[in-house]
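Number 93 in full-length UniProt numbering belongs to position 93 of the sequence shown; there are no gaps in the numbering.
Treat the hints with care, since some could be wrong.
To be verified - Computed list of lysine to any residue pairs in SDA-like fashion (alpha-carbon distance at most 25 Å, straight line):
hint : residue 1 : residue 2
1    : K108      : N23
2    : K108      : G78
3    : K108      : T9
4    : K108      : G40
5    : K108      : A47
6    : K108      : C77
7    : K108      : G72
8    : K108      : D48
9    : K108      : E76
10   : K108      : S123
11   : K108      : R37
12   : K108      : A29
13   : K108      : F121
14   : K108      : L122
15   : K108      : L55
16   : K108      : A75
Simulated from the structure, these hints should not be mistaken for lab results.
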Amino acid sequence: AARAAVCRTLEMQLWHTLPAFANQAVDIAEGFPAMARDVGTAFQNRADLRSPICLALGRLCRQAWRGASEAGILAECGLLGSGPFSAAGVSEEAEDTPTPTTETDGLKADIQALQRFAPNFLSLL
1 AARAAVCRTL
11 EMQLWHTLPA
21 FANQAVDIAE
31 GFPAMARDVG
41 TAFQNRADLR
51 SPICLALGRL
61 CRQAWRGASE
71 AGILAECGLL
81 GSGPFSAAGV
91 SEEAEDTPTP
101 TTETDGLKAD
111 IQALQRFAPN
121 FLSLL
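The task is simple: from the sequences and hints, build the whole structure.
So this is what it looks like as structure tokens:
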């Protein structure tokens, strides 16, 4: 029983690092599709993991929005200039600095990867 408790604690600690890995991620287009199913399953089946998962997803979305905004490609990416991810609606947390992708093609690919899985995650909410 003690060993199981230690394993459970370690598992929770690992999951709570997810938002940090989402911070300034440079491989969203490649990495997110590979992990989306597992993260979605964990979100659906494990109420105790919803907080770090939501933090990570929110961070990825805010950073992608900011990067697209700074690159001037919001409309091109199908993103609105107002709403929860507008300049007024996005918090100024240090962790939410834009993704360090300077290429607009890279930003577009990141946003497309997030958009592709957005309906799946929204349906879980």
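Now the hints, each set against the structure:
A C-alpha spacing of about 18 Å is found between K108 and N23, which places the hinted pair at or below 25 Å, so the restraint holds. A threshold of 25 Å between alpha carbons decides the hint, and for K108 with G78 the separation of about 10 Å falls inside it, so the pair holds. Of the pairs offered as hints, the one joining K108 and T9 is violated, with about 37 Å between alpha carbons and a cut-off of 25 Å exceeded. Taking the CA atoms of K108 and G40, the gap is about 22 Å. The hint holds against a cut of 25 Å.
For the hint linking K108 to A47, the alpha-carbon distance of about 32 Å lies beyond 25 Å, and the restraint is violated. Note on K108 and C77: the hinted pairing holds, with a Cα-Cα distance of about 6 Å set against a maximum of 25 Å. A threshold of 25 Å between alpha carbons decides the hint, and for K108 with G72 the separation of about 11 Å falls inside it, so the pair holds. Restraint check for K108 and D48: the C-alpha separation of about 32 Å exceeds 25 Å, so the hint is violated.
For the hint linking K108 to E76, the alpha-carbon distance of about 9 Å falls within 25 Å, and the restraint holds. Among the hinted pairs, K108 with S123 is consistent with the structure: their alpha-carbon atoms are about 23 Å apart, no more than 25 Å. As the CA atoms of K108 and R37 are separated by approximately 21 Å, the hinted pair is consistent with the 25 Å bound. Note on K108 and A29: the hinted pairing holds, with a Cα-Cα distance of about 9 Å set against a maximum of 25 Å.
Among the hinted pairs, K108 with F121 is consistent with the structure: their alpha-carbon atoms are about 20 Å apart, no more than 25 Å. Distance hint between K108 and L122 is fulfilled; the C-alpha atoms sit about 21 Å from each other, no more than 25 Å. Proposed proximity of K108 and L55 is supported: the alpha carbons are some 22 Å apart, at most 25 Å. This hinted pair checks out: K108 and A75 have alpha carbons roughly 11 Å apart, not beyond 25 Å.
Comparing the model with each numbered hint stated earlier shows that hints 3, 5, 8 do not hold.
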